[in-house]
Amino acid sequence: MSEAAPADDGPGPAERLGRWIENALLALVLFAMIGIAAAQVLLRGVLGGGLAWADEALRLLVLWSAMLGAIAASRDNVHLRIDLLSRFLPETSRRLAAVLVDVFAAVISGVLAWYSWRFVAGSREFEDVVLRDWPAWPFQAILPTAFALIAYRYVADLPRHFRPRTGGSGGR
Amino acid sequence: MILTSLVLVLLAVLGAPLFAIIGAGALLGFSRAGVDLTAVPIEIYGIAETPILLAIPLFTFAGYILGESRAAARLVRLSSALIGWLPGGLAMVAVATCSLFTAFTGGSGVTIIAIGALLFPALVQAGYSERFTLGLVTSSGSLGLLFAPSLPLIIYGIIAEVSIDSLFVAGIVPGILMMLCLAAFCLWRNRANRRPLAEFSWREVRVAIRESIWELPLPVVVLGGIYSGFFAVSEAAAVTVVYVLVVELLIYREVPLRRLPVIVRNSMVLVGGILLILGISLASTNYMIDAQVPQQLIEIVTRYVSDQTSFLLLLICFLLLIGCILHIFSALVLVVPLMLPVAARYGVNPVHLGIIFVATMELGYLLPPIGLNLYIASYRFNRPVLDVCIATLPFILILFVAVLLITFVPALSLAFIQK
Chain A
13 MSEAAPADDG PGPAERLGRW IENALLALVL FAMIGIAAAQ VLLRGVLGGG LAWADEALRL
73 LVLWSAMLGA IAASRDNVHL RIDLLSRFLP ETSRRLAAVL VDVFAAVISG VLAWYSWRFV
133 AGSREFEDVV LRDWPAWPFQ AILPTAFALI AYRYVADLPR HFRPRTGGSG GR
Chain B
20 MILTSLVLVL LAVLGAPLFA IIGAGALLGF SRAGVDLTAV PIEIYGIAET PILLAIPLFT
80 FAGYILGESR AAARLVRLSS ALIGWLPGGL AMVAVATCSL FTAFTGGSGV TIIAIGALLF
140 PALVQAGYSE RFTLGLVTSS GSLGLLFAPS LPLIIYGIIA EVSIDSLFVA GIVPGILMML
200 CLAAFCLWRN RANRRPLAEF SWREVRVAIR ESIWELPLPV VVLGGIYSGF FAVSEAAAVT
260 VVYVLVVELL IYREVPLRRL PVIVRNSMVL VGGILLILGI SLASTNYMID AQVPQQLIEI
320 VTRYVSDQTS FLLLLICFLL LIGCILHIFS ALVLVVPLML PVAARYGVNP VHLGIIFVAT
380 MELGYLLPPI GLNLYIASYR FNRPVLDVCI ATLPFILILF VAVLLITFVP ALSLAFIQK
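Chains as they are written, first to last, in the working numbering: chain A, 13 to 184; chain B, 20 to 438.
Worth double-checking, as some hints may not be accurate.
Claimed, not checked - So the derived list for chain A, only partly shown, Cβ under 10 Å to chain B, looks like this:
1. Arg31
2. Gln52
3. Leu75
4. Ser98
5. Asp114
6. Leu155
Please keep in mind that the hints were generated in silico from the structure rather than gathered at the bench.
Where a beta carbon is used, it is the ideal one built from N, C-alpha and C, also for glycine.
Taking the hints into account, I'd like the entire structure generated from these sequences.
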């Protein structure tokens, strides 16, 4: 996944593979969440008590679904935004504004990725644990990974703003 | 400080993603205060320390599945059979079905697309004017956010740290009030067209019930479970999602399995968007509290606003403005942490505040020039946005009256809450 797919002939193989991996992970995390949550409800109803590890596992899965969803949201270019002004701007300024905000988003995501990485490194050093005795850092590593991928996405999508608008391949 | 805020606001209106705006604010704030910036990801990691958040992906996914199935069509058929024979009945069908459907699907415009599309031709055929129909369908699309298991109420509860169960109970009467206001308006506007849609027929009722027999227990189980306190909110979410999966995928088989990856992705993209800004705003809120921003805000507001009534009026105006430029989820995470302490200063109950907030934001969805529902309706029904605006205007006024009542009669929200 080194460069953005060419504009005209649809998503390239890297794009398709990335999307496939995202979908697979999202489904995996979501259905794990559903399964464990449903099991908890059943066990509480039947036995009056659930699995000890389930609540913490569910919370970690929620974090993962949030960050994976955020990665997918930046690929689909559907992050929540206000976007009040740009639709009233003329074409050239609109493109300039789009470049400006994407560079800004990339920089902030990059900074967040860096400090998330420092957070994870610190957690590894102090040997924080989750789920009784598992090291916490692999679970936390989704944070820097997600922000790095989001930053990458905003950089990789920059050329899109310089292409003539033919409709179709751009984001929504 | 002021310059940075201005730059961030400018970037936001130019279309920068909100998580980057809030993140930049948090990073700059912490670095200015000399706090190590790993504080920001540590706050975001707070997503994994808030158990109730589990309800958000589960309810969202269930809502998306319902949106893909023909549940909306069955709901419309059943309620037409039950109340369609009343004079003006079809309009009331619209109000009732939209509310129920929005409560379960989270009100992201799904209602207009799924139910509006069914009702629009039916209403026009039944002799309602096209402009009236357009306004009704557009404005009903945001009703129902005050009923369980509405996501905005859940998120408000998380941010404001008030009991979500109380919020659900508090939302019942105001939610019904908004529905009644719209229904009464429909009756009055169409007093000339009292021709009932169809004769009441037991046969049709039976067929409609048999058709939706598998879905009927869902609102009963979920709403009953939540309102009675039998289920915690996240347990209700788990039950809903399993139930919906079994019914729509295995029994009705209307959602083909190969559609599932797309539905998973679309719903999780929304969840990611919401939770990301929620997580980052945990950091920015903490910074703002450290920097005593709420106190400064209180000082400024109390200088100009002396009593609760004028504060509430000001609040509604402010929320309407916010409601037409921000999506309800962004508005919740951005505005609620700042608004809470100020409102508390004027003696506004936080549960009541949540109801005011969501009710006003429902209205904000409809406000020209940028209310989201106007654009969804314009796109869906293929009418110019201006037409939709004009058609929706009388409905906006009616709902505004309802919002005023909800705001200035706190008992509507608070009467049934155990102290």
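Each hint tested on the structure:
| no. | hint | verdict |
| --- | --- | --- |
| 1 | Arg31 | holds, 8 Å |
| 2 | Gln52 | holds, 7 Å |
| 3 | Leu75 | holds, 4 Å |
| 4 | Ser98 | holds, 5 Å |
| 5 | Asp114 | holds, 8 Å |
| 6 | Leu155 | holds, 5 Å |
The earlier numbered hints are all upheld by this structure, with none contradicted.
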